[in-house]
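Undergrad: The lines below spell out each chain.
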Amino acid sequence: MIKKADLTAYKCRACGHVMYPRHDRCLNCNGREFDKIEPQGKARLLTYTILNELPWGIDERGRVIGIVEFENGVRATGLVLTEEPKVGMKLAATMQPVRVISGIKTYGLAFEPTK
Amino acid sequence: MPFERHEYKSLMDLLAVASLRAMDDAGLGDRPVDAVYVGNMASGLFNHQVSVASALVDRLSLMPATAERIENGPASGGSAIKNGFLAVAAGFADVVLVAGGEKMRGVSGPRSTDIVSAMAQPDVEYIYGVTLPALAGMFARLYMDKFRITPEHLAMVTIKNHNNGALNPYAHIQMIVTLEGILTHPQAKFNNPVVADPLRLYDCCPVSDGAAAVILTTEEIARQLKKPLVKIAGIGQATDTHALQERSDPTDLKAVSCAAERAFAMAGLTPKDVDVAELHDAFTILEIAESEHCGFFEKGEGARALAAGETQITGSLPINPSGGLKARGHPVGATGVAQVVELVWQLRGEAGKRQVKDPEVGFAVNFGGFGNNVVATVVRREG
Amino acid sequence: MDMELEAYLRPPEYPMPPYPAKVITLATGAKMVVRQAEREEVPELLEGVRPTLSVERDYYDIVGARLYAELLGWYRYRVRDEFCLVGQIDGFLVGIVNSRLYSPKLGISYHTLAIERGLRIGAHLFAAKMEHHIEFLGQDEVLITAESPIGFRRWMIEYGLEKRDGQHELGGATPYALTRELYFKAKDRLVAGERPVPPDVLEKATRSLKVASEEEILEKILGVRERPV
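Protein chains in written order, with the numbering used here: chain A, 1 to 115; chain B, 116 to 498; chain C, 499 to 727.
Heads up, some of the hints might be wrong.
To be verified - Below, computed lysine to aspartate or glutamate pairings styled on EDC-like, alpha-carbon distance capped at 20 Å:
#: 1; chain 1: A; residue 1: K3; chain 2: B; residue 2: D238
#: 2; chain 1: B; residue 1: K346; chain 2: B; residue 2: D367
#: 3; chain 1: A; residue 1: K4; chain 2: B; residue 2: D238
Source of the hints: derived by calculation from the structure; they are not laboratory data.
Use the sequences and the hints to build the structure in full.
TA: If you want it as structure tokens, here you go:
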């Protein structure tokens with residue numbers, strides 16, 4: 001069994017604020033109407049960490065987790081598939097298995113370095 | 116209760132012992148307790164038991180007192196105190212028992228890391244293996260860069276808090292560490308491995324079992340009980356976005372600033388009036404960051420003040436004389452209450468070897484989630 | 499002793515190069531000497547192990563009981579090619595690790611016992627043991643298991659151990675292997691220590707192996723101390 005992370009981001013029709021994950025009211029103007037958008041374009045790495053103390057269910061050390069910002073303003077957290085992460089680096093988003101949760105293989109954002 | 120690994124005591128044992136001590140310290144005798152609030156984050160997951168406030172009432176034969184468990188992640192203790200305070204302030208209850216407790220060491224390390232991670236955003240954080248240290252690591256990277264905080268500064272927090280903890284019989288960690296041993300020796304990395312880069316082992320608080328309790332009451336009853344008057348002068352609380360990625364500026368701990376402002380406003384006081392503070396140093400970077408966000412130091416000055424010794428017990432603003440979460444320990448639900456207990460002891464002059472000189476105003480910050488729900492409390496000695 | 503009779507039961511001895519002592523600076527600033535123990539020191543070592551026999555917590559009792567038997571077996575020449583490394587701070591015994599050589603190229607890791615807690619002593623001594631197997635004894639692979647599942651999972655993840663078929667000598671448990679390759683990958687991260695040990699420090703450690711009292715050892719393991727309980 002597999003599950004894919006929902007990558008739908010929400011752009012407020014009233015004020016244009018972009019949100020990911022979902023909020024039922026706009027973070028900026030409390031609006032209730034949104035356009036569904038997908039993260040677009042390259043992603044820039046805002047920050048990252050390298051995780052060695054693992055939670056139950058993850059067995060490999062050295063996992064790089066980062067927060068990125070896409071060209072269209074969507075921000076997301078995901079795996080960063082490089083041994084030399086640098087704040088500001090450009091990444092391309094892919095969907096890969098990120099974690100097995102209750103026996104279900106979950107696919108989520110995994111970023112690869114790009115030019 | 117001293118914080119440590121309590122192999123043979125259950126969560127209820129810890130809560131009961133701490134509660135009875137508070138009740139006895141207050142000299143309640145046969146006076147009834149009207150309301151009980153228990154701060155606890157995850158008894159359902161750690162201990163397979165829920166409704167622990169009801170269970171505590173039963174343990175202590177406090178029926179028919181009202182009772183609720185209050186949950187706010189690592190700020191469960193602070194929120195429990197807030198709710199107890201509201202009950203007294205509203206005239207709903209005259210005598211309130213607020214206890215905080217957590218028993219985490221009954222499960223393995225990876226399991227407890229995962230349970231704590233349950234407070235992360237499930238769809239965009241948890242699935243990636245994000246843990247609290249991971250969030251702290253991502254925050255630390257940006258904060259250290261922005262304000263030129265060095266690994267040395269972080270180590271200073273560790274060393275100060277371990278030194279303070281060694282003076283505190285209730286502290287989990289009783290071990291003095293040296294800058295050489297954790298940072299500067301060419302081989303220090305073997306003692307202090309990376310947990311979530313840039314945070315290392317000695318930047319992170321331990322996993323602890325423990326409980327703490329306070330009795331809240333009206334001024335009139337406090338006078339009747341003939342106890343030194345320590346008043347909750349102000350409480351503030353504020354929230355922020357759940358996922359760290361959605362903070363407009365991830366280095367801006369808005370909920371901390373806002374909660375502190377609100378607490379000071381209610382108390383009619385300012386940061387300058389504070390004589391002793393218990394901040395939430397689950398990670399060393401947070402002590403520095405909170406000291407700035409609460410208004411004790413300008414942004415970017417917290418590390419300088421730490422390095423200058425201003426936050427030592429003998430300094431101009433002692434921070435974490437108890438040893439903080441780092442050395443006193445962090446049984447999650449207990450911490451917020453333990454912070455206030457420490458402040459009460461300090462204000463009464465009962466803090467033994469770690470006593471700050473003659474404090475009148477104390478301040479605590481209890482940091483829930485990763486800064487998305489923060490409770491700040493101002494306590495003041497009266498008369 | 500009738501050496502002719504002894505010959506029936508004493509296993510042949512493989513000439514093992516000695517372990518060069520090293521010193522590790524711990525988080526408290528204390529210096530721990532890691533050196534190879536001599537057979538003659540076993541009676542003192544046993545005094546350090548004995549208090550653990552009654553401690554159920556963290557599997558100390560079974561580790562202690564098995565380690566006791568292994569050390570005694572080594573002392574009485576009934577275990578083949580066993581070696582033992584000890585950790586000492588100011589002469590005091592703080593940890594013991596032991597193993598034996600199955601063949602010139604294959605080692606069998608036995609036990610790791612830390613008496614002081616909270617300073618990664620177990621981790622340091624385990625790493626030293628692996629250092630000896632691979633670097634000084636020139637072996638290709640070490641088979642490892644453990645009694646404590648949490649402790650073992652740490653090693654599995656830290657070193658990236660490979661599962662093997664067959665049975666480990668310790669109760670027939672599933673063996674996991676540390677190969678030369680895995681060792682050298684992990685070395686920079688996990689194997690601490692400086693050589694040579696300053697002569698006066700080494701002399702203090704080898705001159706007398708001090709073992710704390712049973713009370714003190716139990717206190718260290720159980721973390722009990724003067725507390726307002």
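Undergrad: CA of K346/B to CA of D367/B, is that 20 Å or under?
TA: Violated - the C-alpha atoms of D367/B and K346/B are around 30 Å apart, more than 20 Å.
Undergrad: For K4/A and D238/B, compute the direct alpha-carbon distance and say whether it is at most 20 Å.
TA: holds, 10 Å
Undergrad: Next pair to validate is K3/A with D238/B; report whether the Cα-Cα distance is within 20 Å.
TA: Holds: K3/A and D238/B sit about 11 Å apart, inside 20 Å.
Hint compliance for this structure: hint 2 alone is broken.
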